[in-house]
Amino acid sequence: AQKVTQAQTEISVVEKEDVTLDCVYETRDTTYYLFWYKQPPSGELVFLIRRNSFDEQNEISGRYSWNFQKSTSSFNFTITASQVVDSAVYFCALLNSNSGYALNFGKGTSLLVTP
Amino acid sequence: GAGVSQTPSNKVTEKGKYVELRCDPISGHTALYWYRQSLGQGPEFLIYFQGTGAADDSGLPNDRFFAVRPEGSVSTLKIQRTERGDSAVYLCASSFQPGIGETQYFGPGTRLLVL
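Protein chains in written order, with our numbering: chain H, 4 to 118; chain S, 1288 to 1402.
So here's chain H without its partners, still in its complex pose (with noise of 0.2 Å):
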């Protein structure tokens, strides 16, 4: 079975705190991907970040970092000095060849950064 969860559905912050997204997958493979996915408003889904199951390394991309832990099934994603605009839900998701191609989503993380 694979399976995505995101346990925290709804956070709350004050702009300029740092927050962490949390995201905990399920899969007997040994090949697979994970991704974050933002989603505004507006109700586009927004690619943020692919990574491989080979491939431990942290990651950072401006306020963005990702922290990719197989040993705890984690792929958890921090927002550091938050700011309005980073406003949305975002989804994890896992991709492995026993769903072919099919993007296997969380529920997704409503996030709510307030001035």
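No wet-lab data here; the hints were simulated from the structure.
Check the hints yourself; a few may be wrong.
Under the rule of at most 20 Å between Cα atoms (straight-line distance), these lysine to any residue pairs were calculated in the SDA-like manner [as the list claims (entries may be wrong)]:
1. H:K110 / H:R66
2. H:K73 / S:I1387
3. H:K41 / S:V1376
4. H:K110 / S:Q1328
5. H:K110 / S:A1375
6. H:K6 / S:S1292
7. S:K1298 / H:P44
8. S:K1298 / H:S45
9. H:K110 / S:S1292
10. H:K41 / S:S1292
11. H:K41 / S:S1325
12. H:K41 / S:T1390
Based on these hints, arrange chain S on the given structure of chain H.
Just chain S now, with coordinates in the frame of chain H:
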């Protein structure tokens, strides 16, 4: 360059009617995907095209749903005898080529409301 486009952006129809939703992928992308997103949920896979053929339609909920991609570019998702439960956002995505390592880029979606 232009992203994935979808038309219409919103569609209101009555129960029992037929609807068509259109997706225009990123130019040069050979793989195209349809997903459905219900309120408060992550997107769920419907069907995937590689070129003109449907390579995986395992996510289509029943035979009222059908999709085509006759020339390997634009795709149309067709829903017959619509039901209120079909109300959702229908998202289209494309990737440069098929493969589990490929990033899927999403369009803005079509919001379907069945009255």
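Right, here's what the structure says about each hint:
1. In summary, the hint linking K110 of chain H to R66 of chain H is not supported, as the alpha carbons are separated by about 24 Å, beyond the 20 Å threshold.
2. Simply put, K73 of chain H and I1387 of chain S have alpha-carbon atoms about 18 Å apart, close enough for the 20 Å limit, and the pair holds.
3. With a CA separation close to 16 Å, the supplied pair K41 of chain H and V1376 of chain S stays within the 20 Å bound.
4. For a cut-off of 20 Å, the pair hint linking K110 of chain H to Q1328 of chain S stands: about 5 Å separates their Cα positions.
5. For a cut-off of 20 Å, the pair hint linking K110 of chain H to A1375 of chain S stands: about 15 Å separates their Cα positions.
6. For the given pair, K6 of chain H sits about 29 Å from S1292 of chain S by alpha-carbon distance, which is inconsistent with the 20 Å threshold.
7. Simply put, K1298 of chain S and P44 of chain H have alpha-carbon atoms about 18 Å apart, close enough for the 20 Å limit, and the pair holds.
8. Pair hint K1298 of chain S plus S45 of chain H holds up; C-alpha atoms about 16 Å apart against a cutoff of 20 Å.
9. Between K110 of chain H and S1292 of chain S, the direct Cα distance comes to roughly 24 Å. Violation of the 20 Å bound is thereby established for this hinted pair.
10. Restraint check for K41 of chain H and S1292 of chain S: the C-alpha separation of about 18 Å stays at or below 20 Å, so the hint holds.
11. With a C-alpha separation of about 16 Å, the suggested pair K41 of chain H and S1325 of chain S falls inside the 20 Å cut-off, and the hint holds.
12. Annotation: proposed proximity of K41 of chain H to T1390 of chain S holds, straight-line Cα distance about 14 Å (limit 20 Å).
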